[in-house]
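The numbering used here numbers the first residue of the sequence shown as 1 and each following residue consecutively.
It is possible that some hints are incorrect.
Claimed, not checked - Pair ranges (Cβ atoms, derived):
#1 P11 to D49: 37 to 47 Å
#2 W20 to A73: 13 to 23 Å
#3 S52 to R23: 29 to 39 Å
#4 P11 to S52: 33 to 43 Å
#5 E45 to G68: 31 to 41 Å
#6 E12 to D49: 33 to 43 Å
#7 P11 to P48: 30 to 40 Å
#8 R19 to T65: 32 to 42 Å
#9 A70 to P11: 35 to 45 Å
#10 A38 to T72: 11 to 21 Å
#11 R50 to S74: 18 to 28 Å
#12 E16 to A70: 32 to 42 Å
#13 E9 to D49: 32 to 42 Å
Rather than coming from a laboratory, the hints here were simulated on the basis of the structure.
Beta carbons are placed, not taken as given, at the ideal position from N, Cα and C, and that holds for glycine.
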Amino acid sequence: MPPTSRIAEFPENAAEQARWWERHILEVLDGLPPDAPAGTAARPEFDPDRNSLAQRERAKAAELTAAGHAMTASGVKQRRERYRRDGLVFARRAGGHLF
1 MPPTSRIAEF PENAAEQARW WERHILEVLD GLPPDAPAGT AARPEFDPDR NSLAQRERAK
61 AAELTAAGHA MTASGVKQRR ERYRRDGLVF ARRAGGHLF
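Please take these sequences and the hints and turn them into a complete structure.
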C-alpha cells in the first residue's frame, strides 16, 4: 500500500497538516507548488535553475517563519527527506501530527 493511501487513517486535522506541508515541500523541490497553473514561473527564491536545494530550504524556512510558523532550514530539510523517503504520510506520530 503506498504511503499516501494511508492518509485516510489519520485525523482530518493531521491530514490537512500533511497536505499543507506537501505543498511547501514540493515548492522547495520543484520550484512550484502542486496547484500552480501550467506555465507558471517559479518564484525567484525557489527557482531550481537559480538556487541550490539548500538555498531553497533556507528561503522556505524564512518564508514560513515570517508567516508565523517558526521553522529552520534544517527542519525543512528533515521534512523534505522524509517526504522523499515515505511520501505524504511520512508519519512520525509525535503529538498527533504527521509531520
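Hints broken by the structure, by number, lowest first? 3, 5, 8, 9, 10, 12
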